[in-house]
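First to last, the sequence lines map onto chains A and B. Each step along the first sequence adds one to the number in UniProt numbering, with nothing skipped, and position 7 is 7. Each step along the second sequence adds one to the number in UniProt numbering, with nothing skipped, and position 159 is 159.
In short, the hints are calculated from the structure, not lab data. Do not rely on the hints blindly, as some may be mistaken.
Here are the computed lysine-lysine pairs in the DSS-like style, where the Cα-Cα straight-line distance is at most 27 Å [as the list claims (entries may be wrong)]:
# : chain 1 : residue 1 : chain 2 : residue 2
1 : A       : K136      : B       : K51
2 : A       : K108      : A       : K136
3 : A       : K136      : B       : K29
4 : B       : K27       : A       : K108
5 : A       : K105      : B       : K51
Listed below are the residues making up each chain.
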Amino acid sequence: MAANENDREVSRLWRIVRTTKQMCADRGYELTEEECNISLDSFRQQYTDETGAPQRTKMAFTARPAEAMLKRYTPLPRAGQSDGPEPQIGTVHVEFSGSANIGIKDIKAFAQLLSEKNYYTGIFVTASAPTSSALKIIPSLLPTIMEIFREEDLLVNISRHELVPKHLLLSPEEKRSLLERYRLKETQLPRIRVDDPMAKYLGLRRGQVVKIIRKSETAGRYASYRWAI
Amino acid sequence: MAGTISAKGILKQPSTQSTPSISDEQKAKADRDRRNLGIALFHANKIRAQKDVEATILTNIETLLEYPPQTPFTSAQASTFVQLLAPFQPSDFDSLVEERTLDGKCGYALCSNAPRSKSMGSNAAWRLKGHGAQDYCSNECLRKALHVKMQLSEVPAWDRELGRDPDIVLPETDRPPTTHATSESRQRWHQSSVNDDELASERGEKARGFRPTQVMADTIVEKKTTSPKPSEPISPALATPHDSIEGYIPVQATKKVQPTERRTTFASDVVVPRPNIPETDEEASWKALFENMSIR
Ligand SMILES: [Zn+2]
Chain A
1 MAANENDREV SRLWRIVRTT KQMCADRGYE LTEEECNISL DSFRQQYTDE TGAPQRTKMA
61 FTARPAEAML KRYTPLPRAG QSDGPEPQIG TVHVEFSGSA NIGIKDIKAF AQLLSEKNYY
121 TGIFVTASAP TSSALKIIPS LLPTIMEIFR EEDLLVNISR HELVPKHLLL SPEEKRSLLE
181 RYRLKETQLP RIRVDDPMAK YLGLRRGQVV KIIRKSETAG RYASYRWAI
Chain B
1 MAGTISAKGI LKQPSTQSTP SISDEQKAKA DRDRRNLGIA LFHANKIRAQ KDVEATILTN
61 IETLLEYPPQ TPFTSAQAST FVQLLAPFQP SDFDSLVEER TLDGKCGYAL CSNAPRSKSM
121 GSNAAWRLKG HGAQDYCSNE CLRKALHVKM QLSEVPAWDR ELGRDPDIVL PETDRPPTTH
181 ATSESRQRWH QSSVNDDELA SERGEKARGF RPTQVMADTI VEKKTTSPKP SEPISPALAT
241 PHDSIEGYIP VQATKKVQPT ERRTTFASDV VVPRPNIPET DEEASWKALF ENMSIR
């Protein structure tokens, strides 16, 4: 009976960890193909204890942004600035928590770890919903960026769903040329909320623009753009 | 309120200054601008006040998570407890209790015991009568907490009139020394519990509390009331007779008409670029407003 329970939990967490790593890879962090598509067997070997129970603490991982991601997150140089601006991205650290209750203190402890280790972004994947106060303190932790995901939201990778069009983050350069080409202000673009599921998947920040590519039987592929708010 | 742009400063716009003769059209435009700006500023200030209060409440919850700093608590600490609670709404008090019990502390912030959800185990909830009783170490603390919670204002602090935070009175057992105490200790209590607002007014400042001065005039203007829009007729396809029960259409049938929220993400077929429509003044002022706020 207990073994059955463990099996179910292991395969559930296997899906969740896989989606999380695919999500990080899609954002542009350095993760290998094997890591993103780990088999259930190797997952079981790596992340369970001798009783077969999953060990969430072992699932924590850290990834660095690849060259392309660094570029995409580098702001445009300002006039008169001698050296180029720093990329607004860095190492991501992901932890999984099976705790039944996530309060202010848990979030603060995670934030503490992120700032001690100098991680740019933290992703906290939780089995249960954090308290409302815990969610409210997240903006006050800036410049540390913390994202919270519920385990159940990562059971399937929504970006792989056939009805979800491809979302691509534009670099500041691409955004500028888009606006110039169409003589638009960013505020004239249609919008996407940063708490939209695909925006959360990509970790969109306010002011960024995503390109959305749809397939159409009559028109082939066409793109639209959205401004994150 | 640092960073607030005074209405006067913004209104000195070149449009009204540079042209020597002002046409009626321009005057109307200026009036409209001024009105829109007033509205925008009112909302900006209100949103900012709301953000400030929310931040204060969160900080206070964090402080009260570590309460009481010592056992038994001092009268100064009891007084701080009351002051920290002043901006709370009852729901904020619930958040505090929730955070404290998660942290293994009695929901009543002047008590350092463990809540019964910890001391009695997982079945505390059904063994105890009374809503939330397991969040406290004893019924005594539950009673005290309710005593305090009942005095909190349902009005969010940013909507309260200046100085209208409730005067919270602690339960008798936790009150500062009164009859038996020496006059000296009574005085000390009084000193420690000086109202924030009093101190602020001594400094010649306005205390916390939000009154939008920019758009508040002494004159009273009758509010224009407009009759509410008639609700949209249900599309004929859905309002077929078989749906209605004696002329009443069940809610479920009408729900289908409403677009779902998710639609905005996946199903928008709007292709950029949108035509370059000149913005209306109101749009522009709102936009400026939001741009200012996102910097914060
Ligand atoms: Zn107690």
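Keeping to a limit of 27 Å between CA atoms, is the pair of K27 of chain B and K108 of chain A held or broken? violated (54 Å)
Given hint K51 of chain B paired with K136 of chain A - CA-CA distance at most 27 Å: holds (11 Å)
For the pair we were handed, K108 of chain A and K136 of chain A, check the Cα-Cα distance against 27 Å. holds (12 Å)
Between the alpha carbons of K136 of chain A and K29 of chain B, is the straight-line distance 27 Å or under? violated (41 Å)
Starting from K105 of chain A, check that the Cα of K51 of chain B is at most 27 Å away, please. The hint holds at about 21 Å.
This entry does not satisfy hints 3 and 4, going by the numbered hints stated previously.
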